[in-house]
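As you go down the protein sequences, you meet chains A and B in turn.
Here the first sequence is numbered in my numbering, starting from 1 and rising by one per residue.
Here the second sequence is numbered in my numbering, starting from 1 and rising by one per residue.
In case anyone wonders, no lab produced these hints; they're calculated from the structure.
Hints may contain errors.
[Claimed, not checked] Pairwise CB distance ranges (calculated):
no., chain 1, residue 1, chain 2, residue 2, range
1, A, His-75, B, Pro-53, 45 to 51 Å
2, B, Val-112, A, Arg-89, 34 to 40 Å
3, A, Leu-152, B, Ile-51, 44 to 50 Å
4, A, Ile-144, B, Ile-30, 23 to 29 Å
For every residue, glycine included, the Cβ atom is placed at its ideal position computed from N, Cα and C.
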Amino acid sequence: MALQVRRYNAIRIMKTALPVLTFCAVLGILSGLTLDTFKNILFTFPGLFVLIPVTIGMGGNLGAILSSRITSALHLGVVSLTPTDHVLRSNVLGVSIVGVLSFFAVGILGYLFCVLMGFKSVGLVKMVLISSISGVLLILVVIITTILAAFLSYKKGIDPDDTTIPIVTSVCDVFGILILFVITMAVL
Amino acid sequence: MLEKKQGAKYLEEYVSVRFIIRQSSLPLLICIIFDMFAGVVLGSMEGALSILPGLLVLIPPLLDERGNIAGAFGSRLGSALHQGLIRPDLRGDKNLVHSVAASLGEGATMAVVIASLAYVTMLVLGRESIGIISLVAISLMVWALSAFILISLVMVFAFTVFKHGIDPDNVMGPMVTSAGDVLTVLALFIAVRIIMGVV
Chain A
1 MALQVRRYNA IRIMKTALPV LTFCAVLGIL SGLTLDTFKN ILFTFPGLFV
51 LIPVTIGMGG NLGAILSSRI TSALHLGVVS LTPTDHVLRS NVLGVSIVGV
101 LSFFAVGILG YLFCVLMGFK SVGLVKMVLI SSISGVLLIL VVIITTILAA
151 FLSYKKGIDP DDTTIPIVTS VCDVFGILIL FVITMAVL
Chain B
1 MLEKKQGAKY LEEYVSVRFI IRQSSLPLLI CIIFDMFAGV VLGSMEGALS
51 ILPGLLVLIP PLLDERGNIA GAFGSRLGSA LHQGLIRPDL RGDKNLVHSV
101 AASLGEGATM AVVIASLAYV TMLVLGRESI GIISLVAISL MVWALSAFIL
151 ISLVMVFAFT VFKHGIDPDN VMGPMVTSAG DVLTVLALFI AVRIIMGVV
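Okay, chain B solo, but in the shape it has when bound:
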């Protein structure tokens, strides 16, 4: 009887428009602020983007990829913590090491794939682009400058919320993609500075 009542109450909340708005506003607001900060960093490198043609093409896939990889890492951590497969401490447990290694490996592989794909597409379409070596170098630098920090952040955040009894599955998603966007754009800012210093 009690269960039925709770179920009905749950369903009532589930279809309440006000409830949906209230629950999703805060995570969305946090995303907006982080992403606008990422946009400001992009805007401030407008000069560099205009003298390094082809770089613009890298921005959306790099942002997506970082979010996808760290998002998958976060959701793996969430499931593994629930199952007791990974314990919430930083003592190099074998499952944790493999999960981290997979994320870092995916990031490095995709950095090369994205830069090469971008170069080939620009070449086929006959659009102006900097050389493939520079594009791959920038893409790999963005990975090196952002991936390690992001993976560590996601890990510490997942462990902390889990220890406080919060389900990581509910809070990781937006946090991971927003932090990923900001770190990726900051890394791009530094990588472009380095490349312009070299070229």
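Bound-form chain A, shown alone:
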């Protein structure tokens, strides 16, 4: 029996949403604190600002794509949690390739935007290195979190559709910024 909503009620929607949104806000503040911790480096090279929204966004997007695909495959019963599973492997591989290419492009585009806008940047090579290395690490976090969240939910009898995407996007938000700045410190 599918979930049937007969009528929307603003108060009821808000009551359901606000606790989840508050939890997400706490995680968001954690990324904010990470930004604040690294503010000296940010204000020295304002070009790094260009990478912030895209890093937060891309982790979440890749996570959402992989989660939706794996949860649908779980519902269809065509995937299992073994390293040799064909469906699991090709989905992980597909998302990794798209992800690595995207983060490489982000580095180049980021540098071009800095030149165009006259922001003080770290230079093309370092920009691409920062974006690509932190991208690869973030993709690893995305893959591990998605697989764990999806399969654990499924095992516990919870619909993975309801849990995986929020878990993965929240984890990526926090780790995205953290990884970006740790790698920036290492590259500079």
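Once you've looked at the hints, dock chain B against the given chain A.
Coordinates of chain B only, in the frame set by chain A:
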């Protein structure tokens, strides 16, 4: 027999690495471009961010929240359109009004919650921050300047794609978060200008 064949073909496509890459590249590219534009706007307010300490902490939660709220609104619209609960026109239908009101209410509430949380955390950690009134004021201004436009955009976009026979569930996600990021950062840019004019 035919069904079985189609099922097999579907599964074959489903596990094809090339198919996955082809399907997800375009939405990701659009996200990259929108988000980099948001980043450029952030970069250009670097001066203001350095003289208003504490503001940096607001940026990630404000971006997340706008995406979460508008994303939920978009997926509610998608489900409601499929079920015929909401019709794709702008004649203030009761379900639509409640759904819009919920999103706007969530946005205003979270604007205050985020700014207060940020202030308290900075206070506890002993980091420098502007006052709680200024932080809440900026956060609420960002909401006022971006929420109404974003909700209207999501609504018009969902109705348009639905009328053209495209499933809103497939296209709304990336579009909503990218548009939300750009609008939030632009709103922050204006809000900071206003606050600096007042202080």
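Okay, the hints, checked on the actual structure:
1. His-75/A with Pro-53/B: 45 to 51 Å: holds (48 Å)
2. Val-112/B with Arg-89/A: 34 to 40 Å: Roughly 46 Å apart at Cβ, these two residues miss the hinted range, so it is violated.
3. Leu-152/A with Ile-51/B: 44 to 50 Å: holds (46 Å)
4. Ile-144/A with Ile-30/B: 23 to 29 Å: With Cβ atoms ~27 Å apart, the hint holds.
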